[in-house]
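Required output: the full structure, derived from the provided sequences and hints.
So the chains spell out like this:
There are 2 protein chains.
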Amino acid sequence: MKIGIIGLGLMGGSLGLALKEKRIASMIAGSDINEFHRRQALYLGLVDECLDMEEIIQCDVVFICTPVNAIVDIIKNIKSLKANQTIIDFGGTKREIIKAIPKKLRKNFISLHPMCGTENFGPKAAFKDLYKNQIMIFVDIINSGEYQIDLAKNICIQLEMNIIKMDSKSHDRHTAFISHMPHILSYALANMVLKQENPQDIVSIAGGGFKSMSRISKSSGVMWSAVAKQNKSEILKSIELFEDELNIAKTLIQKDDFEKLREWMNNANKLREII
Amino acid sequence: MKIGIIGLGLMGGSLGLALKEKRIASMIAGSDINEFHRRQALYLGLVDECLDMEEIIQCDVVFICTPVNAIVDIIKNIKSLKANQTIIDFGGTKREIIKAIPKKLRKNFISLHPMCGTENFGPKAAFKDLYKNQIMIFVDIINSGEYQIDLAKNICIQLEMNIIKMDSKSHDRHTAFISHMPHILSYALANMVLKQENPQDIVSIAGGGFKSMSRISKSSGVMWSAVAKQNKSEILKSIELFEDELNIAKTLIQKDDFEKLREWMNNANKLREII
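Residue numbers (our numbering), protein chains in the order written: chain A, 580 to 854; chain B, 580 to 854.
By construction, these hints were calculated from the structure, which means they are not laboratory data. It is possible that some hints are incorrect.
No distinction is drawn between identical chains; accordingly, a pair holds when it is met within one copy or between any pair of copies.
Listed below are the simulated EDC-like cross-link pairs for lysine to aspartate or glutamate, each with C-alpha atoms no more than 16 Å apart in a straight line [as the list claims (entries may be wrong)]:
#, residue 1, residue 2
1, Lys811, Asp836
2, Lys829, Glu819
3, Lys811, Asp835
4, Lys581, Glu628
5, Lys683, Glu822
6, Lys829, Asp729
7, Lys849, Asp780
8, Lys683, Glu819
9, Lys790, Glu852
10, Lys581, Glu634
11, Lys581, Asp639
12, Lys678, Glu725
13, Lys774, Glu852
14, Lys849, Glu776
15, Lys834, Glu628
16, Lys661, Glu852
17, Lys811, Glu838
18, Lys601, Asp708
19, Lys790, Asp780
20, Lys744, Asp780
21, Lys774, Asp639
22, Lys599, Glu838
23, Lys816, Glu776
24, Lys774, Glu842
The following block contains the structure:
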């Protein structure tokens, strides 16, 4: 089995390393629009060879691990596939991507979302255990071919991932809450501190709390602005719900109601029960 | 030298373990208003013995590691001290605490803020390396006695901490940005998700981003509501600045200006240069 990986950053590069370690493919090819990233990926051993787009799309299994806008563009340009070919996207949004799949090729496509990552990006950010013990969401899987579903499940199991199924609407709503909007919050926190007169002085005393809250503000703007575009309405909804919640705290502080503020904080502690 | 620790939670308990490991005191006494916590602290070996408040205040060095409202109450009740006694508070806010120090005893007091912690609390949360390699802020130290300053610095150096000096006004402003307000954000994120119809389903797919952003929402509401009360104006100011920044992102998304959103995100990446 020959596997192709389009997009050789954190996600695609780590996938290459993991597939190699598990000896899942006879050959792993890579492709990336950035020439320097192609060279880095080869140098770091993330893939065995680099191919251009027309060639890589001939592989038995093709993973698309680019920002979500590029996933849509790549998918739209696929005109024909062999019956047993499997195209798997790793996009962080799902409705727009699945809408872009040519109807006659629908069975060839598997839409996955690995719920893992770090704030680092590019080929150098790749590491072989990124996917291990993490969640892989299979989205709108009912419309994929049986052969393709079995193959994708098999690969995920070999990567030691935990599989969850979800429809694309729930996916885009849930991930706005759990991932997309929290990224926006972290970017806002970082930008707000950076705008102060003396950000170095402020940040020099940062403890674990600020480090946690600002970590994902170091993530790729190319990737996350594309996610914001494709999941606009759900992200706006969740930002507004967040603003309402923040406003509760602000009002309690303004009104000196620190008893209620403590209750509000204690209520948040209930998260301990589910995560 | 006999050291007393008032408040045997994460901060006080970890201090007890670290002081013991470094053999800094001949005897470490503890005190806590919660009887169960006193017993836990003895069982876990955080302190050598438990004393009541009147007794513990006789120790050569007394650390006050309670929530900030209790620090103020304790300090106000100290009527007399021997010349070489040293009272050190670990409060996360400073202006209100330092204001509460009786003027004639000012030299006996050292106001410190260790920039470390975890989301866990109570004696069971204590661990001996909490302070190692972390920052300790010495606040308004110019008004403390020379003997007390040397003693406090010496202990911090033995705990392998990095010392920074700051005045109380700058401290309260900077920590609002770097610590207090980010805690409010995390609590708001947790509460907002918990209010959804199916929080378990949403949280079940959480990756590293949500885990980072929600971690400190598990912190003690008793501690953080007291901080909010004592640093009200600075926290409200920083919440408003955060809201302005979040609003920039929201407006760019509403106006479909994803180019500018990407620039805004890329700008936040500059945090990499200073942290």
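Against the structure, the hints come out as follows:
1. Taking identical chains as interchangeable, the C-alpha atoms of Lys811 and Asp836 lie at most 16 Å apart only when they sit on different chains, with a minimum of 11 Å there against 35 Å within one chain.
2. Proximity of Lys829 to Glu819 under the C-alpha cut-off of 16 Å is found in both arrangements, the shortest distances being 15 Å within a copy and 9 Å between copies.
3. Taking the shortest Cα distances, Lys811 and Asp835 sit within 16 Å of each other only across copies (9 Å), while inside one copy they are farther apart (36 Å).
4. Taking the shortest alpha-carbon separations for Lys581 and Glu628, only the intra-copy value of 11 Å comes in at or below 16 Å, while the best inter-copy value is 68 Å.
5. In this assembly of identical chains, Lys683 and Glu822 lie within 16 Å of each other by CA distance neither inside one copy nor across copies; the values are 43 Å within and 47 Å between.
6. For the homomeric pair Lys829 and Asp729, neither the shortest alpha-carbon distance inside one copy (51 Å) nor that between copies (41 Å) is at most 16 Å.
7. In this assembly of identical chains, Lys849 and Asp780 lie within 16 Å of each other by CA distance solely across copies; the values are 15 Å between and 34 Å within a copy.
8. Proximity of Lys683 and Glu819 under a CA criterion of 16 Å is satisfied in neither setting, with 39 Å inside one chain copy and 52 Å between copies.
9. In this assembly of identical chains, Lys790 and Glu852 lie within 16 Å of each other by CA distance solely across copies; the values are 14 Å between and 24 Å within a copy.
10. In the homo-oligomer, the alpha carbons of Lys581 and Glu634 lie at most 16 Å apart inside one protomer (12 Å), although the nearest pairing across protomers, at 75 Å, exceeds that limit.
11. In this assembly of identical chains, Lys581 and Asp639 lie within 16 Å of each other by CA distance solely inside one copy; the values are 5 Å within and 72 Å between copies.
12. In this assembly of identical chains, Lys678 and Glu725 lie within 16 Å of each other by CA distance neither inside one copy nor across copies; the values are 20 Å within and 72 Å between.
13. With identical chains, the CA atoms of Lys774 and Glu852 are at most 16 Å apart between copies only, with a shortest distance of 14 Å across copies and 37 Å within one.
14. Taking the shortest alpha-carbon separations for Lys849 and Glu776, only the inter-copy value of 15 Å comes in at or below 16 Å, while the best intra-copy value is 37 Å.
15. Proximity of Lys834 and Glu628 under a CA criterion of 16 Å is satisfied in neither setting, with 64 Å inside one chain copy and 42 Å between copies.
16. In this assembly of identical chains, the alpha carbons of Lys661 and Glu852 never lie at most 16 Å apart, being 48 Å within a copy and 48 Å across copies at closest.
17. Taking the closest pair of Cα atoms, Lys811 and Glu838 come within 16 Å of each other only across two copies (14 Å); inside a single copy the shortest separation is 37 Å, beyond that limit.
18. Taking the shortest alpha-carbon separations for Lys601 and Asp708, only the intra-copy value of 11 Å comes in at or below 16 Å, while the best inter-copy value is 38 Å.
19. In the homo-oligomer, the alpha carbons of Lys790 and Asp780 lie at most 16 Å apart inside one protomer (15 Å), although the nearest pairing across protomers, at 27 Å, exceeds that limit.
20. Taking the closest pair of Cα atoms, Lys744 and Asp780 come within 16 Å of each other only across two copies (11 Å); inside a single copy the shortest separation is 46 Å, beyond that limit.
21. With identical chains, the CA atoms of Lys774 and Asp639 are never at most 16 Å apart, being 49 Å at best within one copy and 45 Å at best between copies.
22. In the homo-oligomer, the alpha carbons of Lys599 and Glu838 never lie at most 16 Å apart, since the shortest distance is 56 Å inside one protomer and 37 Å across protomers.
23. Taking identical chains as interchangeable, the C-alpha atoms of Lys816 and Glu776 lie at most 16 Å apart only when they sit on different chains, with a minimum of 15 Å there against 32 Å within one chain.
24. For the homomeric pair Lys774 and Glu842, the shortest alpha-carbon distance between copies (15 Å) is at most 16 Å, but the shortest distance inside one copy (33 Å) is not.
In summary, the numbered hints that this structure violates are 5, 6, 8, 12, 15, 16, 21, 22.
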